[in-house]
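**Student:** Sequence:
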Amino acid sequence: QAGPRSIEFCGGTHVSSLGEIGPVKITSETSIGSNIRRLEAVAGTGLIDRLRSVEDRIVEASDALGVPVEDLIDAVRKRIEEAKSSKALIAELRRQLAASAAGDLIDDAVDNKLVAEVAAGTRDEVRDLAVSLRDKGLDAVVLISSPGGKGVAVASATKVGGDLNAGELIGEAMKLLGGGGGKGADLATAGGRNVEAIGDAIANVRAKLGI
Numbered sequence: 001q002a003g004p005r006s007i008e009f010c011g012g013t014h015v016s017s018l019g020e021i022g023p024v025k026i027t028s029e030t031s032i033g034s035n036i037r038r039l040e041a042v043a044g045t046g047l048i049d050r051l052r053s054v055e056d057r058i059v060e061a062s063d064a065l066g067v068p069v070e071d072l073i074d075a076v077r078k079r080i081e082e083a084k085s086s087k088a089l090i091a092e093l094r095r096q097l098a099a100s101a102a103g104d105l106i107d108d109a110v111d112n113k114l115v116a117e118v119a120a121g122t123r124d125e126v127r128d129l130a131v132s133l134r135d136k137g138l139d140a141v142v143l144i145s146s147p148g149g150k151g152v153a154v155a156s157a158t159k160v161g162g163d164l165n166a167g168e169l170i171g172e173a174m175k176l177l178g179g180g181g182g183k184g185a186d187l188a189t190a191g192g193r194n195v196e197a198i199g200d201a202i203a204n205v206r207a208k209l210g211i
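With the first letter of the sequence shown counted as 1, position 115 gets the number 115 in our numbering; the numbers rise by one all the way through.
Any given hint could be a false lead.
Computed list of lysine-lysine pairs in DSSO-like fashion (alpha-carbon distance at most 27 Å, straight line) [claimed, not checked]: (1) Lys-136 / Lys-113; (2) Lys-208 / Lys-159; (3) Lys-25 / Lys-113; (4) Lys-208 / Lys-136; (5) Lys-25 / Lys-87; (6) Lys-183 / Lys-136; (7) Lys-87 / Lys-113; (8) Lys-183 / Lys-150; (9) Lys-87 / Lys-175; (10) Lys-183 / Lys-159; (11) Lys-183 / Lys-208; (12) Lys-208 / Lys-175; (13) Lys-113 / Lys-175.
These aren't lab readings, by the way, just hints derived from the structure by calculation. Here the structure is a predicted model, which is why all the values come from computation and not from measurement.
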């Protein structure tokens with residue numbers, strides 16, 4: 001009994017008062033049927049152990065960040081903002097690197113089309129480089145890379161509104177590379193597993209473009 005109301009939450013222990021249970025904390029609430037809710041809770045020494053565990057984690061987090069517990073929230077928020085700023089800076093640097101690399105590759109274009117294997121650290125770099133080359137005026141760009149020597153990244157970019165379909169250009173090549181994906185009309189990216197087939201994939205796309 002809790003005051004004037006009966007709180008039937010004894011969990012089968014059939015206590016006569018809440019004092020026999022001790023402190024209680026509801027840990028979850030779920031639906032188990034129409035208009036039926038399931039409550040789960042910890043009580044007594046179980047709750048005390050849980051609170052101690054939470055406190056230990058808070059102290060561990062504050063130690064990792066090198067701040068007092070009372071400053072933990074502000075420190076976490078600061079780290080989040082720093083991470084966002086770093087991410088934006090990395091994205092900008094990646095765009096600049098792609099633009100620089102594009103200037104070197106564009107001379108290899110044939111009939112205003114380029115198909116090449118490039119060195120890249122990530123799939124995003126391959127995509128950014130393809131877009132940068134396309135935006136410099138090329139009608140079609142297909143770049144293939146093996147970032148870190150693990151798998152294959154393919155990016156196909158074609159002139160927006162042009163006659164060439166980026167996804168269709170790499171369709172057969174992706175089968176050779178043991179992958180799939182990439183169905184965009186003017187920008188398609190895909191991945192594969194067969195690094196050894198990069199040369200054959202490049203030859204396939206060049207044949208499609210007649211270069």
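**Student:** Would you mind marking each hint as holding or not holding in the structure?
**Tutor:** Do the hints match the structure? See the list:
no.: 1; hint: Lys-136 / Lys-113; verdict: 11 Å, holds
no.: 2; hint: Lys-208 / Lys-159; verdict: 16 Å, holds
no.: 3; hint: Lys-25 / Lys-113; verdict: 66 Å, violated
no.: 4; hint: Lys-208 / Lys-136; verdict: 22 Å, holds
no.: 5; hint: Lys-25 / Lys-87; verdict: 39 Å, violated
no.: 6; hint: Lys-183 / Lys-136; verdict: 22 Å, holds
no.: 7; hint: Lys-87 / Lys-113; verdict: 32 Å, violated
no.: 8; hint: Lys-183 / Lys-150; verdict: 23 Å, holds
no.: 9; hint: Lys-87 / Lys-175; verdict: 34 Å, violated
no.: 10; hint: Lys-183 / Lys-159; verdict: 15 Å, holds
no.: 11; hint: Lys-183 / Lys-208; verdict: 16 Å, holds
no.: 12; hint: Lys-208 / Lys-175; verdict: 15 Å, holds
no.: 13; hint: Lys-113 / Lys-175; verdict: 22 Å, holds
When held up to the earlier numbered hints, the structure conflicts with 3, 5, 7 and 9 and fits the remainder.
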